[in-house]
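Given chain A, work out where chain B with the ligand should sit, using these hints.
So you can see what is in the structure, the chains are spelled out below.
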Amino acid sequence: MEGLLPDLDVIRKDFPILERMLAGGQPLVYLDSANTSQKPQVVIDTMVDHLERHNANIARAMHQLGAESTEAYEGARDKVAGFLNAPSRNEVIFTKNATEALNLLARTIDLGPGDNVVITEMEHHSNIVSWQLACERSGAELRWFGLTDDGRLDLGNADQLVDEHTKVLAFTWVSNMLGTINPVTDLVARAKAVGALSVIDASQAAPQLTVDVQAVGCDFLVFTGHKVCGPTGIGVLWGREELLNELPPFHGGGEMIETVTMARSTYAKAPHRFEAGTPPIVEAIGLGCAVDYLGHIGLDAIHRHEQAITAYALEGLQSVPGMTVLGPLDAAGRGGAISFELDGVHPHDIAQVLDSRGVAVRAGHHCAKPAHARFGVQSTTRMSSYLYTTPAEIDALVEGLHHTRSYFKVG
Amino acid sequence: MSAELDNLYQEIILDHYKNPHHKGLRDPFESEVHHVNPTCGDEVTLRVHLAEGVVQDVSYDSVGCSISQASASVLTDLVIGKPVDEAMSIHQTFLELMQGKGTVEPDEDVLEDGIAFAGVAKFPARVKCALLSWMAWKDATTQAQTEGVTP
Ligand SMILES: Cc1ncc(COP(=O)(O)O)c(C=O)c1O
Numbered sequence: 001m002e003g004l005l006p007d008l009d010v011i012r013k014d015f016p017i018l019e020r021m022l023a024g025g026q027p028l029v030y031l032d033s034a035n036t037s038q039k040p041q042v043v044i045d046t047m048v049d050h051l052e053r054h055n056a057n058i059a060r061a062m063h064q065l066g067a068e069s070t071e072a073y074e075g076a077r078d079k080v081a082g083f084l085n086a087p088s089r090n091e092v093i094f095t096k097n098a099t100e101a102l103n104l105l106a107r108t109i110d111l112g113p114g115d116n117v118v119i120t121e122m123e124h125h126s127n128i129v130s131w132q133l134a135c136e137r138s139g140a141e142l143r144w145f146g147l148t149d150d151g152r153l154d155l156g157n158a159d160q161l162v163d164e165h166t167k168v169l170a171f172t173w174v175s176n177m178l179g180t181i182n183p184v185t186d187l188v189a190r191a192k193a194v195g196a197l198s199v200i201d202a203s204q205a206a207p208q209l210t211v212d213v214q215a216v217g218c219d220f221l222v223f224t225g226h227k228v229c230g231p232t233g234i235g236v237l238w239g240r241e242e243l244l245n246e247l248p249p250f251h252g253g254g255e256m257i258e259t260v261t262m263a264r265s266t267y268a269k270a271p272h273r274f275e276a277g278t279p280p281i282v283e284a285i286g287l288g289c290a291v292d293y294l295g296h297i298g299l300d301a302i303h304r305h306e307q308a309i310t311a312y313a314l315e316g317l318q319s320v321p322g323m324t325v326l327g328p329l330d331a332a333g334r335g336g337a338i339s340f341e342l343d344g345v346h347p348h349d350i351a352q353v354l355d356s357r358g359v360a361v362r363a364g365h366h367c368a369k370p371a372h373a374r375f376g377v378q379s380t381t382r383m384s385s386y387l388y389t390t391p392a393e394i395d396a397l398v399e400g401l402h403h404t405r406s407y408f409k410v411g
Numbered sequence: 001m002s003a004e005l006d007n008l009y010q011e012i013i014l015d016h017y018k019n020p021h022h023k024g025l026r027d028p029f030e031s032e033v034h035h036v037n038p039t040c041g042d043e044v045t046l047r048v049h050l051a052e053g054v055v056q057d058v059s060y061d062s063v064g065c066s067i068s069q070a071s072a073s074v075l076t077d078l079v080i081g082k083p084v085d086e087a088m089s090i091h092q093t094f095l096e097l098m099q100g101k102g103t104v105e106p107d108e109d110v111l112e113d114g115i116a117f118a119g120v121a122k123f124p125a126r127v128k129c130a131l132l133s134w135m136a137w138k139d140a141t142t143q144a145q146t147e148g149v150t151p
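Chains as they are written, first to last, in the working numbering: chain A, 1 to 411; chain B, 1 to 151.
The shape of chain B in the complex, shown without the other chains:
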């Protein structure tokens, strides 16, 4: 029983939960979105700042469980400073890992601390928690790209 549980709650996840990276809402930003997980009520408000095709900043404010909080923290580590295209491809890799029902072997070179979420994929009820901020980020990024830069 606790092996499964330890697989879910990797040390890396608990570390990010206790000390989230890049947390808090910051200026400047081109788009801001608010996403909720309707079943449990977890919420995230997330902003993106893009410039010259690069993710300059991702800032967020959120309430939720350890999985959703840690995953927001890992997301920001992975995408800030990356070209938008590369960040989108990391997003896709993380999504595939989460939707793989535990059959996908995570690539540490791409996902870094994100590989700790491999165990979450075996808990269908928690996949939505892990994806909350990632879906918010994709939404915000798409909006920022289509709406162009607003002051």
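The shape of chain A in the complex, shown without the other chains:
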């Protein structure tokens, strides 16, 4: 099959969990990578090595281990800056996850009555609720782009939505439900034209597309570590340095200050301004290793692999009677998450039968309830591939779906 990673067998060996046997002697077929990706041995080893040999708090420990730990943590920041092609390492802020990064922005960007914030109907709840809260607090108005029937952004009324009162235009690069890849540079240009800040949720893009913040030209961008082969507990906020230094602090505490008196404090500049307290040190180091790993394989090669697998999956799914795929049907314009409905069987029941065959998928609303409502569905089943997914695993999914239909006696 064209486009697959040439060393797929070798890559799979990097991920020890893919050898896992499940109940009943079933080998694992992991098709839930949009939920969280698996971790390569090198990430696991790097984290273990840090804990075994270099562990100390960063920045404030005046000893050798402290220096080693600080160097490793700050080294991870350099790696992430490289991964994003950020002009400065000071623009990379470590957060707990993408959700925290989005909330940081929604909490610190100044909004008021008369302002508006524009989002889209295909956002993950983290990029909806955080702005709803910000608008409720500030009196700003929340607006959103609707979706077309084939699961793309409806830009028909873009000029009315994004106007001179728009303060923030926040949108996902790749939809976690529909798989749609959005026209990010076009949206960033719209924000720029009215003087609004652009915020990109790259949680689903960073695993599979080259993310170059300078090429995209956005103001802020977030992603989450655990979807890019890194650990949980670590996410990234990238922002243009001068903008970050204009924002007020988010959390107050250690390491985010210049000086503290009982009456008042002055604050450090980014990134430390937004990293109050002891950060997730080993998680950041794991993430640094993960983005290095992806860079080593190459995001272009990973993207080609995802497209090849996605095209193969779309074709296989269409062979199942009663199948409806939501979102774009051409693999070129979408990412590796495919949500679908199967006539007569509820997603929970599909996922359960697939699980009994070792096939792990997600069932539910995938934290995108409004996007589900837009298509008149309450929940869907979602398969999502990644750089270690094989065509044989897609075959196992498709066979499993045929079996599911016969198990529930539909058709």
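Honestly, the hints are just simulated from the structure, not real lab data. Among the hints, erroneous ones may be present.
[To be verified] Rough simulated footprint, nothing fancy, chain A against chain B, three-plus residues with beta-carbon under 8 Å:
| no. | segment |
| --- | --- |
| 1 | 2-8 |
| 2 | 37-43 |
| 3 | 59-66 |
| 4 | 120-130 |
[What the hints assert, rightly or not] Derived BS3-like pairs: lysine-lysine, alpha-carbon spacing no greater than 25 Å straight-line:
| no. | chain 1 | residue 1 | chain 2 | residue 2 |
| --- | --- | --- | --- | --- |
| 5 | A | Lys409 | B | Lys122 |
| 6 | B | Lys122 | B | Lys138 |
| 7 | B | Lys23 | B | Lys138 |
| 8 | B | Lys128 | B | Lys138 |
| 9 | A | Lys269 | A | Lys96 |
| 10 | B | Lys128 | B | Lys23 |
| 11 | A | Lys79 | A | Lys369 |
| 12 | A | Lys409 | B | Lys23 |
| 13 | B | Lys122 | B | Lys101 |
| 14 | A | Lys369 | B | Lys128 |
| 15 | A | Lys409 | B | Lys18 |
| 16 | B | Lys101 | B | Lys23 |
[To be verified] To give an idea of the interface, some chain B residues facing chain A are shown, with a C-beta separation under 10 Å as derived from the structure:
| no. | residue |
| --- | --- |
| 17 | Leu14 |
| 18 | Lys18 |
| 19 | His21 |
| 20 | Phe29 |
The beta carbon of each residue, even a glycine, is placed where N, CA and C say it ideally should be.
Okay, now just chain B with the ligand, sitting in the frame of chain A:
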């Protein structure tokens, strides 16, 4: 693998799923509640009609998986026509079965078709599905009792 699965998807459950009993919202009723399972989005709107200490009717509208749908159907079979006290005690028995992690031996005299859910208790992720309508019913019944009869 499929023995476990067949244990979960008992024939009785699939029958109730395909042909749910007492489905649809009806009048009269004293209270109506709406419950959701936030993880998967399963939803139920449920009404109860009580009179003279007896569950006169339970009607519902719901979307969800086979387990949650079948369990609503079995619930209505078990509680409609029963004194409220007895219905509450059936509720308690079903709850214990579901929370027993597969160790509780179900009592067919009390739970009738409800014993088919014994296998669900071994699937922690599905227990919430089985309990959705039961929790809604208890909530609605408590409300109907405390608020008294409204026209
Ligand atoms: C598009 C998108 N945004 C944000 C998130 C939130 O990521 P996290 O839960 O790691 O904060 C996710 C992950 O589910 C996602 O898919």
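Results of checking the hints against the structure:
no.: 1; hint: 2-8; result: holds (count 4)
no.: 2; hint: 37-43; result: holds (count 5)
no.: 3; hint: 59-66; result: holds (count 4)
no.: 4; hint: 120-130; result: holds (count 3)
no.: 5; hint: A/Lys409 / B/Lys122; result: holds (24 Å)
no.: 6; hint: B/Lys122 / B/Lys138; result: holds (23 Å)
no.: 7; hint: B/Lys23 / B/Lys138; result: holds (17 Å)
no.: 8; hint: B/Lys128 / B/Lys138; result: holds (15 Å)
no.: 9; hint: A/Lys269 / A/Lys96; result: holds (19 Å)
no.: 10; hint: B/Lys128 / B/Lys23; result: holds (20 Å)
no.: 11; hint: A/Lys79 / A/Lys369; result: violated (35 Å)
no.: 12; hint: A/Lys409 / B/Lys23; result: holds (22 Å)
no.: 13; hint: B/Lys122 / B/Lys101; result: holds (5 Å)
no.: 14; hint: A/Lys369 / B/Lys128; result: holds (19 Å)
no.: 15; hint: A/Lys409 / B/Lys18; result: holds (11 Å)
no.: 16; hint: B/Lys101 / B/Lys23; result: violated (29 Å)
no.: 17; hint: Leu14; result: holds (7 Å)
no.: 18; hint: Lys18; result: holds (9 Å)
no.: 19; hint: His21; result: violated (18 Å)
no.: 20; hint: Phe29; result: violated (24 Å)
Hint compliance for this structure: hints 11, 16, 19, 20 are broken, all remaining hints hold.
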